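A.B. asks: Sequence:
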Amino acid sequence: MTASILVVDDERGIRSLCGDVLTRAGYDVETAATAGAALSAAAARTFDLILCDINLPDKSGLEVLAEVCARKPAPTVILITAYPTVDTAVRGMKLGARDYLAKPFSPDELRLICGRALDEDALRRENAELRETLAFEHLLGHSDAMAELRATITKIASADTTVLVTGESGTGKELCARALHYHGRRAGKPFVAVNCGALVGSLLESELFGHERGAFTGAERKRRGLMAAAHRGTLFLDEIGELPMSLQPKLLRALQDGEVKPVGGERSETVDIRVIAATNRDLDDAIAGGRFREDLYYRLNVITLWVPPLRDRKADIALLAETFAERVSVKIGTPRPELSPDAIAWLENQPWPGNVRELENAIERAVVLAAGDVLEAKDFAPAGPSRAARATDPDALLSLEQLERAHIERVLAACDGQKTRAAAILGINRTTLWKKLRAYQLD
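If you use our numbering, the sequence shown corresponds to residues 319 to 761, in order.
Hint data in this document are derived by calculation from the structure and do not stem from the laboratory. Bear in mind that the values here come from a model prediction, so they are computed numbers and not experimental data. Even glycine gets a Cβ: it sits at the ideal position worked out from N, Cα and C. It cannot be assumed that every hint is accurate.
Unchecked claim - Calculated cross-link-like contacts (lysine to aspartate or glutamate; reagent style EDC-like; alpha-carbon spacing at most 20 Å):
| id | residue 1 | residue 2 |
| --- | --- | --- |
| 1 | K421 | D328 |
| 2 | K540 | D602 |
| 3 | K377 | D338 |
| 4 | K568 | E538 |
| 5 | K377 | E329 |
Claimed, not checked - Restraint-style ranges between C-beta atoms, simulated for each label pair:
| id | residue 1 | residue 2 | range |
| --- | --- | --- | --- |
| 6 | D660 | L441 | 15 to 21 Å |
| 7 | S476 | V408 | 34 to 40 Å |
| 8 | R683 | Y758 | 19 to 25 Å |
| 9 | G583 | A361 | 54 to 60 Å |
| 10 | T352 | E466 | 45 to 51 Å |
| 11 | E722 | D660 | 33 to 39 Å |
| 12 | D478 | V408 | 24 to 30 Å |
| 13 | E584 | W752 | 21 to 27 Å |
| 14 | S658 | I621 | 39 to 45 Å |
| 15 | I621 | W752 | 26 to 32 Å |
| 16 | D590 | W752 | 35 to 41 Å |
| 17 | R645 | Y758 | 40 to 46 Å |
Please work from the sequences and hints to get the whole structure.
C.D. replies: As structure tokens, then:
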């Protein structure tokens, strides 16, 4: 697409030179002799670039610059001046000018400065489009629910405010957090994820806030915390509902003050971070049960983003299944198998309590074990006798010890190996869980 340029100068010779040189360079050029004519032209059509003289008969070029740069989308403006000074350049840049061109200038200078400005704009647009594509690369789906989710992320990403992402386990809450980050103004800065349920209190405190040398047994050297590592970027607090009560006041203070004090330290470090938290738990129930601070909840819950479960967007299952099959095939180095209509229908009729994560695992298992080039419904059926058959077959019945071992395994798998969370679900403390893991050789 041909770039459009508006040349604004009261000297006929300058307008003629610019028009001739830039037209021969392949640009669509329009000229204006006054500020009024320039503003009328800019109101009538969108220009990619405006070359504007500072000294115009009816209004200063800086006033023209201020007016055109206030419009959306704002064009790139290069000022033309016969008396270039530092003060002029600084004022122009503050108002939005990209550069300035000093009279007299040669045709080569004109082509160079205009070409460079337009190339930079094209690269900036390309990067923005690529960033937008990458931001939503993994948030797949044609359903209304996913379209609404992507639209909401687009709307709130640049607001830089705190977001609480809610939804069931396996729905893709971290993907939403990453989309918010890469779609916002902090996209080029760090994205630091912290799983609040993966570590016990003291270790999590050190992980979040850092520690000084000698702060506790084993702290042989100073360590910077993840909150400081996320400076100018985004801190993602996953499973925030698992954060121990003992740490919640310190996190609240750090978020309120924008300062982080390492364990064993006396001086705080200022941090500039955007916070995105996620949970699959009902924090209102946690507050009522005394497991989560109400003031921290309100600090995190500025904007809530709900991620729908897979059962509420079954129209996306076919696309997700085909995408996962493609990824697995690339990973294991085999041709991608097709999914038969029966297989798609079978997948769409499943409840998927583990949501997208469970579907992805099912696809990977089927692709790895597939005997042919087409996946059928039978390739997804669970191996072995049905649950009902096992329940009525005396030889298939399990002992109490076997049942407990299997149940612990299932809970750990559902919690992604998070032992603190698994212990809470099982109704036992972590010490008891560790003993059972050792006894059942699960550790």
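A.B. asks: Evaluate each hint against the coordinates.
C.D. replies: Now for the hints, and whether the structure bears them out:
Annotation: proposed proximity of K421 to D328 holds, straight-line Cα distance about 13 Å (limit 20 Å). A distance of roughly 37 Å separates the Cα atoms of K540 and D602; the hinted pair therefore is violated under the 20 Å criterion. Distance restraint check for K377 and D338: the Cα-Cα separation of roughly 25 Å exceeds the 20 Å cut-off, and the hinted pair is therefore not satisfied. This hinted pair does not check out: K568 and E538 have alpha carbons roughly 23 Å apart, beyond 20 Å.
Between K377 and E329, the direct Cα distance comes to roughly 15 Å. Compliance with the 20 Å bound is thereby established for this hinted pair. Restraint check, D660 to L441: a C-beta distance of roughly 48 Å breaks the suggested window 15 to 21 Å. Remark: the range hint 34 to 40 Å for S476 to V408 is contradicted by a beta-carbon distance near 28 Å. Restraint check, R683 to Y758: a C-beta distance of roughly 24 Å satisfies the suggested window 19 to 25 Å.
For the hinted restraint 54 to 60 Å between G583 and A361, the CB-CB distance of approximately 58 Å keeps it satisfied. A hinted range of 45 to 51 Å for the beta carbons of T352 and E466 is consistent with their spacing of about 48 Å. At about 38 Å, the CB distance of E722 to D660 agrees with the hint of 33 to 39 Å. Against the hinted window of 24 to 30 Å, the Cβ-Cβ separation of D478 and V408 comes to about 28 Å, which satisfies the hint.
Under the hint 21 to 27 Å, the C-beta atoms of E584 and W752, about 35 Å apart, miss the expected range. Range check, S658 to I621: about 42 Å between beta-carbon atoms, so the 39 to 45 Å window is met. The hint said 26 to 32 Å for the Cβ distance between I621 and W752, and at roughly 39 Å that hint is violated. For D590 and W752, the hinted distance range of 35 to 41 Å is satisfied, since their beta carbons lie about 39 Å from each other.
The supplied range of 40 to 46 Å is broken by R645 and Y758, whose beta-carbon atoms lie about 33 Å from each other.
Going down the numbered hints, you'll see the structure goes against 2, 3, 4, 6, 7, 13, 15 and 17, while the others check out.
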